[in-house]
Amino acid sequence: MGLSVIWYLKEFCRGKWIKTLLFAKTAPLVDPPYFRGYPTLTGKECTHCLSCMMICPTPGAIEVLREGEKWAPKIYPGHCIRCGFCVEACPEDVLDAGRVLETQHRDNTSLSVRYQVTVNPDTCVRCGNCVVACPVNKEADPQLGASGTSANDEVIMRIERGNLWVLHNEKCTGCKTCETVCPTGAIRIARVAEGRQGVEE
Amino acid sequence: MKKTVDVAVPIGPVHPCWKEPIRIKCATKGEQVLSAEVELGYMKKGIERIMQGRPWQEVMFLAERVCGICSVVHNMVFIETMEAISGIEPAERAAFLRVIVNELDRMQSHLIANFSYCYTIEHETLGMYLLNEREHVMDLLERITGNRVNTAYMIPGGVRYDLRPDDADAVKATLDLLEKNITRYMGIFESGPMIALRSRGVGVLTKEDALRAHAVGPTARASGISVDLRSKHPTYRKLGFEPVVRTECDNYARIMVRFGELFQSIGLIRRALAMMPEGPVRGGGICKGGEVRYSGEAPRGELTYVVKADRYGRVEEIAIQTPSIMNIDACAHYMLKGALSIADVTATFISSDPCVACTER
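Each protein sequence line maps, in turn, to chains A and B.
The first sequence maps to residues 2 to 202 in this note's numbering.
The second sequence maps to residues 185 to 545 in this note's numbering.
By construction, these hints were calculated from the structure, which means they are not laboratory data.
A hint or two may mislead.
Pair by pair, the computed Cβ-Cβ distance ranges are [stated by the list, open to error]: (1) A:G44 <-> B:E273: 33 to 41 Å; (2) B:G376 <-> A:R107: 46 to 54 Å; (3) B:G252 <-> A:G186: 28 to 36 Å; (4) B:K229 <-> A:K45: 37 to 45 Å; (5) B:V333 <-> A:R107: 45 to 53 Å.
Keeping only pairs whose Cα atoms sit at most 27 Å apart, straight-line, the calculated BS3-like set for lysine-lysine is [unchecked claim]: (6) A:K177 <-> B:K391; (7) B:K521 <-> B:K391; (8) B:K391 <-> B:K209; (9) B:K228 <-> B:K213; (10) A:K172 <-> B:K416; (11) B:K416 <-> B:K492; (12) A:K11 <-> A:K75; (13) A:K45 <-> A:K172; (14) B:K228 <-> B:K472; (15) B:K492 <-> A:K177; (16) A:K17 <-> B:K364; (17) A:K139 <-> A:K177.
Where is the CB? At the ideal position from N, CA and C, for every residue including glycine.
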């Protein structure tokens with residue numbers, strides 16, 4: 002009995018253990034530098050090109066808002082999935098997350114996106130809503146007809162001879178306004194993305 | 185005929201051993217299980233419907249979210265399907281980086297599967313040791329890809345980030361540590377008499393039954409079937425891949441196959457780091473239209489994506505077949521039949537590494 006008490010004291014009252022128990026400190030909870038967190042602003046000037054919004058895979062995660070005289074992207078953390086695509090897509094390095102920007106500069110990688118207007122002629126009712134709603138169209142021809150007709154050849158699309166014609170696909174900025182106003186879901190913007198390396202913009 | 189079933193014991197959908205909701209109804213006679221039936225459908229997400237009409241840069245994130253544990257392989261198989269549709273070849277260095285990240289993901293998945301088994305047979309000490317090792321693997325994943333779980337690492341034509349100069353050394357050092365520790369824990373599992381009582385000869389799935397039930401992955405390999413889709417993958421063939429096969433057919437064999445695959449993964453990562461050429465990690469390439477059925481080896485077995493894309497690379501139709509449904513069926517119809525105790529049902533079920541989130545999508 003006596004022996005076992007001494008054995009227990011020896012076994013469990015080690016100075017090192019007691020010291021650890023009393024003075025142990027948990028490492029501070031900091032994100033490692035390579036952790037890809039929510040995108041943060043780097044302070045460079047945003048040009049309101051909306052590339053970040055167009056590549057974002059989640060609805061409602063990023064918006065470009067006007068703050069005084071300048072534009073600045075705003076991240077909604079509840080929606081953002083921290084994929085880092087907005088950082089890669091931004092041509093002006095406005096955003097940064099983890100080491101995404103750093104590796105992008107080091108390896109010269111980029112993400113290019115091309116927009117393609119696709120119309121399903123079977124479901125299109127030629128109402129012209131997409132033509133009227135398109136912000137690029139509005140800029141190109143302020144005198145757009147309410148039914149989507151236009152005398153200007155610089156518009157992306159217009160109603161002509163009872164049909165919807167896509168004239169300048171390359172001008173599309175991928176904002177998808179036409180998709181939201183289309184009553185039948187006939188018009189859709191394909192966003193064709195490509196991950197590249199060593200290609201100068 | 186006289187009814188021989190005493191009681192139909194339902195296990196689940198909420199049960200301390202289950203990680204995800206599923207119900208197993210066992211028809212019992214005394215303590216013996218006569219037959220078992222699995223009831224699925226508690227966590228249907230409808231993710232394939234959400235994927236429709238979206239381009240790859242959106243679907244790849246949805247694909248990762250099919251399964252929380254083996255998210256990398258869903259990303260990899262989906263991206264390789266899109267590459268097969270569009271005829272894109274990944275950059276050579278990127279192919280090896282994909283293998284490294286995929287094997288790290290497989291390691292953490294196998295470690296958590298073995299943890300679950302140890303936890304289910306109430307050997308929590310060993311389970312927690314294994315979870316501790318998993319943490320090292322997750323740290324490596326975070327170091328390479330930037331995230332622990334939904335890594336979003338692979339894109340058509342390559343991967344998103346290259347290794348930094350110090351990353352390869354960190355990976356090698358951690359792999360040495362993991363090899364040392366997992367050897368010790370595998371020894372504990374191999375030689376533990378109490379573990380053997382709960383595992384050896386329990387939940388036997390014979391080779392014939394496994395073939396009949398179309399078991400896949402470690403469950404099939406523990407029944408003596410040498411099936412592993414990695415042996416058909418071009419990059420794995422360069423690395424000299426050989427599947428791990430055991431012939432005991434019981435719970436013990438299934439766990440030991442996973443332990444064996446942990447060491448195999450360590451070897452594959454080391455070889456990939458040594459063989460990896462210098463060069464770009466993104467080859468570029470635009471996704472095109474077409475329809476392809478493509479399979480890859482997930483930690484749990486064969487994972488198949490059937491994707492039909494339109495000419496701008498948008499997914500029009502998609503169907504995912506995940507490995508767990510085969511193993512859950514094999515478990516319910518063959519392993520549990522004739523189990524000597526209700527207490528073995530949970531352990532046997534967990535030993536087949538079911539992932540309900542994958543199964544129901």
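How the hints compare with the structure:
Taking the beta carbon of each, G44 (chain A) and E273 (chain B) are about 40 Å apart, inside 33 to 41 Å as hinted. As the Cβ distance of G376 (chain B) to R107 (chain A) is approximately 49 Å, the hint placing it in 46 to 54 Å holds. Against the hinted window of 28 to 36 Å, the Cβ-Cβ separation of G252 (chain B) and G186 (chain A) comes to about 32 Å, which satisfies the hint. Here the CB-CB span from K229 (chain B) to K45 (chain A) is close to 39 Å, well matched to the stated 37 to 45 Å.
At about 25 Å, the CB distance of V333 (chain B) to R107 (chain A) disagrees with the hint of 45 to 53 Å. Simply put, K177 (chain A) and K391 (chain B) have alpha-carbon atoms about 55 Å apart, too far for the 27 Å limit, and the pair is violated. At most 27 Å may separate the alpha-carbon atoms for a hinted pair to count; K521 (chain B) and K391 (chain B) meet this at roughly 15 Å. Distance check on the hinted pair: K391 (chain B) and K209 (chain B) sit about 25 Å apart at the alpha-carbon level, within 27 Å; holds.
For the hint pairing K228 (chain B) with K213 (chain B), the CA-to-CA distance comes to about 33 Å; that exceeds 27 Å, so the pair is violated. For the hint linking K172 (chain A) to K416 (chain B), the alpha-carbon distance of about 45 Å lies beyond 27 Å, and the restraint is violated. The hinted pair formed by K416 (chain B) and K492 (chain B) meets the criterion: a straight-line CA distance of about 23 Å does not exceed 27 Å. Restraint check: the Cα-Cα separation between K11 (chain A) and K75 (chain A) comes to about 60 Å, which exceeds 27 Å; the hinted pair is violated.
Taken as a hint, the K45 (chain A) and K172 (chain A) pair is honoured in the structure, with Cα atoms around 26 Å apart against an allowance of 27 Å. Of the supplied pair hints, the one linking K228 (chain B) and K472 (chain B) is violated, its CA atoms being roughly 30 Å apart against a limit of 27 Å. For the hint pairing K492 (chain B) with K177 (chain A), the CA-to-CA distance comes to about 23 Å; that is within 27 Å, so the pair holds. At most 27 Å may separate the alpha-carbon atoms for a hinted pair to count; K17 (chain A) and K364 (chain B) meet this at roughly 26 Å.
Proximity of K139 (chain A) to K177 (chain A) is assessed by CA-CA distance (about 15 Å); at most 27 Å being required, the pair is judged to hold.
The structure shown violates the earlier hints numbered 5, 6, 9, 10, 12, 14.
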